[in-house]
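Student: Keeping their order, the protein sequence lines are chains V and A.
606 is the number that my numbering gives to position 1 of the first sequence; each next residue is one higher, with no gaps.
77 is the number that my numbering gives to position 69 of the second sequence; each next residue is one higher, with no gaps.
No lab work stands behind these hints: they were computed from the structure.
It is possible that some hints are incorrect.
Computed cross-link-like contacts, BS3-like style, restricted to lysine-lysine with a CA-CA straight-line distance of at most 30 Å [what the hints assert, rightly or not]:
(1) A:K76 - A:K32
(2) A:K86 - A:K76
(3) V:K663 - V:K717
(4) A:K86 - A:K32
(5) V:K674 - A:K86
(6) A:K86 - V:K717
(7) V:K705 - A:K76
(8) V:K663 - A:K86
(9) V:K674 - A:K32
(10) V:K673 - A:K32
(11) V:K654 - V:K717
Restraint-style ranges between C-beta atoms, simulated for each label pair [claimed, not checked]:
(12) A:D71 - V:A658: 27 to 33 Å
(13) V:S685 - A:L107: 29 to 35 Å
(14) A:Q25 - V:L612: 24 to 30 Å
Footprint (simulated), chain V over chain A, 3 or more residues, beta carbon under 8 Å [as the list claims (entries may be wrong)]:
(15) 19-33
(16) 54-63
(17) 69-75
Keep in mind the model is a prediction, meaning the values are calculated, not measured.
Heads up, the beta-carbon is just placed ideally off N, CA and C, and yes, glycines get one too.
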Amino acid sequence: AQSVTQLDSHVSVSEGTPVLLRCNYSSSYSPSLFWYVQHPNKGLQLLLKYTSAATLVKGINGFEAEFKKSETSFHLTKPSAHMSDAAEYFCVVNPNNAGKSTFGDGTTLTVKP
Amino acid sequence: DAGVIQSPRHEVTEMGQEVTLRCKPISGHDYLFWYRQTMMRGLELLIYFNNNVPIDDSGMPEDRFSAKMPNASFSTLKIQPSEPRDSAVYFCASSSFLLANEQFFGPGTRLTVL
């Protein structure tokens with residue numbers, strides 16, 4: 606069985622400061638891991654994915670995430686927040702290329718001017 | 009590719025009416041998912057198909073909900089009869105085993121049941 610825990614339901618940062626959204630997972634198999642972003646009244650868009658290649662994964666809009674097997678974590682970071690980053694972010698685990706993925710509950714990122 | 013296509017984008021109906029939501033997945037994808045999103049319950053997986061066959065419908069809330077996938081390029085989610093608590097955004101997504109099952113989401117259908 607697999608599970609995903611997003612450790613913060615809400616994160617608030619000031620524009621220009623770093624962003625850290627935390628995600629821990631559990632999986633019986635070697636997982637693929639994803640981060641999706643959902644802007645208000647929009648669908649979900651893939652930010653980045655880890656599929657057993659490089660452990661540091663770079664995504665769109667300056668985001669990156671590091672897969673740490675020993676810590677079972679896949680935290681999302683960005684060096685400098687922009688107002689347009691305000692959205693909901695979902696961490697997702699897919700074990701062993703199974704059909705069904707497990708979504709975290711989401712983290713709402715607020716960016717203050 | 010045009011991505012995952014959903015129709016209608018918005019639907020407003022009255023309680024008791026039948027509602028049909030439609031989805032066209034990305035060509036070549038072998039998985040199709042239906043999700044529901046509300047403020048109260050977040051994002052919920054309702055049902056998913058593999059090669060047009062329903063695999064897991066444990067998320068379908070009641071017998072009022074049904075989903076079909078008659079071919080690889082089309083799926084429907086039907087609610088009959090609809091109730092106000094069914095008001096939500098319904099997303100369709102598709103994925104491929106060959107792409108590590110990254111899910112591609114449609115824009116969603118916003119359903120309002122009065």
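Student: Against this structure, judge whether each hint is valid.
Tutor: For each hint, the structure was consulted:
| no. | hint | in the structure |
| --- | --- | --- |
| 1 | A:K76 - A:K32 | holds (12 Å) |
| 2 | A:K86 - A:K76 | holds (8 Å) |
| 3 | V:K663 - V:K717 | holds (24 Å) |
| 4 | A:K86 - A:K32 | holds (15 Å) |
| 5 | V:K674 - A:K86 | violated (41 Å) |
| 6 | A:K86 - V:K717 | violated (41 Å) |
| 7 | V:K705 - A:K76 | holds (18 Å) |
| 8 | V:K663 - A:K86 | violated (39 Å) |
| 9 | V:K674 - A:K32 | violated (36 Å) |
| 10 | V:K673 - A:K32 | violated (36 Å) |
| 11 | V:K654 - V:K717 | holds (27 Å) |
| 12 | A:D71 - V:A658: 27 to 33 Å | violated (44 Å) |
| 13 | V:S685 - A:L107: 29 to 35 Å | holds (30 Å) |
| 14 | A:Q25 - V:L612: 24 to 30 Å | violated (42 Å) |
| 15 | 19-33 | violated (count 0) |
| 16 | 54-63 | holds (count 3) |
| 17 | 69-75 | violated (count 0) |
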